[in-house]
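Q: Each chain, written out:
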Amino acid sequence: MDSMDRNVVVKTVDLTKVYRTFWGKTYVRALNKVNLEIYEGEIFALLGPNGSGKTTTMKLLLGIMFPTKGRVEVFGKSPRSVEIKKDIGFMPEESYLYRFLNADETLRFYANLMGLDRKTRKNRIDEVLQMVGLTEARRRRTREYSKGMSRRIGMAQVLLKDPKLVILDEPTIGLDPMGAREMKDVILDLKQRGKTVILSSHLLADVQDICDRIAILHRGDLIRTDSVENLLTIEDTWEIVAKNLTDQTRQKVRQVIQEGGGDLQKIGHPRESLESLFLKTIKEKEVEK
Amino acid sequence: MKNVWHLAVISYKDSIRKRILWVFLIFSFLLIFTSVALRVMSLERSSVYDRTAGLEAADVKATEEKMTKDMAIASIAIFAVLILLFTASGQIPEEIEGRTLYTLLTYPVKRRHFILGKFLGQVLVILTIVTVMTAILYAALFVRYKTFDLAMLKGIYAIVIQLSVLASLCVMLSAFAPVNFNIIFCFVLFLAGHTTGYISTLARGTKLLPAKWGLTALYAIIPNFEYFNLSSELALKTDVSYAYLFSVTLYGLVYITSMLTIGVAAFRDRQI
Chain X
1 MDSMDRNVVV KTVDLTKVYR TFWGKTYVRA LNKVNLEIYE GEIFALLGPN GSGKTTTMKL
61 LLGIMFPTKG RVEVFGKSPR SVEIKKDIGF MPEESYLYRF LNADETLRFY ANLMGLDRKT
121 RKNRIDEVLQ MVGLTEARRR RTREYSKGMS RRIGMAQVLL KDPKLVILDE PTIGLDPMGA
181 REMKDVILDL KQRGKTVILS SHLLADVQDI CDRIAILHRG DLIRTDSVEN LLTIEDTWEI
241 VAKNLTDQTR QKVRQVIQEG GGDLQKIGHP RESLESLFLK TIKEKEVEK
Chain R
1001 MKNVWHLAVI SYKDSIRKRI LWVFLIFSFL LIFTSVALRV MSLERSSVYD RTAGLEAADV
1061 KATEEKMTKD MAIASIAIFA VLILLFTASG QIPEEIEGRT LYTLLTYPVK RRHFILGKFL
1121 GQVLVILTIV TVMTAILYAA LFVRYKTFDL AMLKGIYAIV IQLSVLASLC VMLSAFAPVN
1181 FNIIFCFVLF LAGHTTGYIS TLARGTKLLP AKWGLTALYA IIPNFEYFNL SSELALKTDV
1241 SYAYLFSVTL YGLVYITSML TIGVAAFRDR QI
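In order, the protein sequences belong to chains X and R. Once you know that position 169 of the first sequence is 169 in the numbering used here, the rest is easy, because the numbers rise by one and skip nothing. Take any residue in the second sequence, note its place counting from 1, add 1000, and you have its number in the numbering used here.
Next comes chain R alone, as it looks inside the complex:
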């Protein structure tokens, strides 16, 4: 199992040197700061309006802070997803195209360890980018509001689980699919994963049996990414229970295990 770690480190080093990661990271940095600045403008406008409506300036500021957090947490999730799609999708195809896999597989490396190493490497990438973005967010919020809200970390944690699920999907697909297909497929699935509620509603409302079964199956297969989205709850300071976080973790683990199992099975007999 030590080899899983060595492979993860190489996968991490490979991903971290990619320019696209830094481009998105810089964009996210700008956006998080800009979102704070935009709220400043909003506060000026809102304060005039809300005071006339009988609201105190403090309430307006609190509302603005919530909206800022909501937008910033959403920004972290979106940029991290974009980074991950570009780093994780090419993990195995690049090893095959670059033929580094030829040499690698002549070492005592089990193919399943190779897949696990790739996944773990991407989890390290996720932890790095989310840590950097979170640090930026906390710094921006501190500069603007002089607050240090630790409760936000629950939302960040859910994002990490969500990204890990997406990474497992990308690594699984990269075991047999080309990079471009993988990026597009995962992105579409990510968007679809935020609308599974509608799919479920559609399935319930459809009377045509094959369509009902199809939609139910789709609902079961597509990961419910909305389940990991806690930004609104945290922005509104609704307490997120640890039981909920546990269920999020469990859901994520089940999905990750399923994806990696498929990935291992697909890669086991792949000829290079």
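With the rest of the complex left out, here is chain X:
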């Protein structure tokens, strides 16, 4: 679908954030006139090295930090507006939890803040705990949770809200390959359900795997924005994937390419990704047991 036809969920106009010292002196320009439009139903990634402004952008989108110049709109409103908070889910880089609560109490607290009634609250909590695989550990204090479990409960509080916009800071960090795959599946499922997802990640393979569009930030400047496909497609190179080719057929293909003036770079077996191999091996082992 063309971007013109889609609803803009997040819009930033000349978004600038300057951190100043107590005396008002600028010590870092975290964002510099960033213009972004993020559309309904897409998975959008913010990429960049440390200090590029990813987290600052997220904080501005969440309304917990305010722009120095420019503006940011979420669902056409200021992110400080309480009205839109019900529609925004956020999972920070580390799931910061109240350590004295267990998973059940944590989710109940957040459900209460959403104003869910008792029955809906109970059903929703059961459902999201099931989705993130924490049903068994629901009575354990979150301080006893591993990093992976903390990420899951962080995701559970996002799912509990059933928001239209989901903002995830490093969603797969600290997870084992299976946990990371499950997290990516959850994100893809959110997209399937029409949600908009904005994420930041250092794990570029994950971004490539699941994102529709990306923005690359560097020292507060937005240096590129486009679809993953456009950015990664090498325009002058073609790839043909075929099965069961004999030596003779491969030879013919090579010949046809050369006759057509093409420059054949490689004919060989494609390689499986390490992630896919790992997951397959573990699954096979589990089936054996």
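Calculated lysine-lysine pairs in the BS3-like style (CA-CA distance at most 30 Å, straight line): (1) X:Lys-147 - R:Lys-1018; (2) X:Lys-86 - R:Lys-1110; (3) R:Lys-1013 - X:Lys-86; (4) R:Lys-1002 - X:Lys-122; (5) R:Lys-1110 - X:Lys-11; (6) X:Lys-33 - X:Lys-77; (7) R:Lys-1110 - X:Lys-69; (8) R:Lys-1013 - X:Lys-122; (9) X:Lys-184 - X:Lys-280; (10) R:Lys-1110 - X:Lys-77; (11) R:Lys-1110 - X:Lys-119; (12) X:Lys-147 - R:Lys-1013; (13) R:Lys-1002 - X:Lys-77; (14) X:Lys-11 - X:Lys-69; (15) R:Lys-1110 - X:Lys-33; (16) X:Lys-122 - R:Lys-1110; (17) R:Lys-1002 - X:Lys-86; (18) R:Lys-1002 - X:Lys-119; (19) R:Lys-1002 - X:Lys-164; (20) R:Lys-1110 - X:Lys-164; (21) X:Lys-119 - R:Lys-1013.
No wet-lab data here; the hints were simulated from the structure.
The hints should help you fit chain R onto chain X, whose structure is shown.
A: Just chain R now, with coordinates in the frame of chain X:
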């Protein structure tokens, strides 16, 4: 407004699990019981002395009971203040350091409700610790004197108001100040609040105008914590009128409202 209550419950649960609260609570328990025991020794000594002075043993016992109550009520106030300083001062800085506030503020929670929730949570803490300490005091007095003086509850009520004022001050400061500064500042202010009478006297006696204005302003700003101290009146069985309790309540409410208003204003534009 329901969110204020949910936030208050979380703030309460967070405070109640703090070890320092239990340490001070145990100390207060020991002190209240010890104060009763100390009076026992005092009675033995005093009875010999006072009988020679022509006093009846019953009068001596009554005097001792008054002193015990005075000391025990003062102990409740001091220990509750110490507990409160440690639980209330960290309310907002801990949410920021622990980054639980990041997630919290992505929920439909107004910042002013967050401040009110924190304050209400501390009021629940105050009610809990004061109830426990009062129960200990009544039990100790009953064991020693077989009395159950309900009039003491007026003094306890004034302590609750006093602590609520202090909690509002702590929560207000925690909206922008670090924990250590908050604890020290509130403690100093608590001590200063018991000496506002001297500040007022000084202001009246000073001829230098800037000093007079400064001292008068200080007298107006610092809460008069001595106003809430009814331990002597109650120990001496001087009746404390309900009108006085009402004025104490009103004074407390005005101060609490002012502190929370400043806290809300300071936190409204705070970037996290």
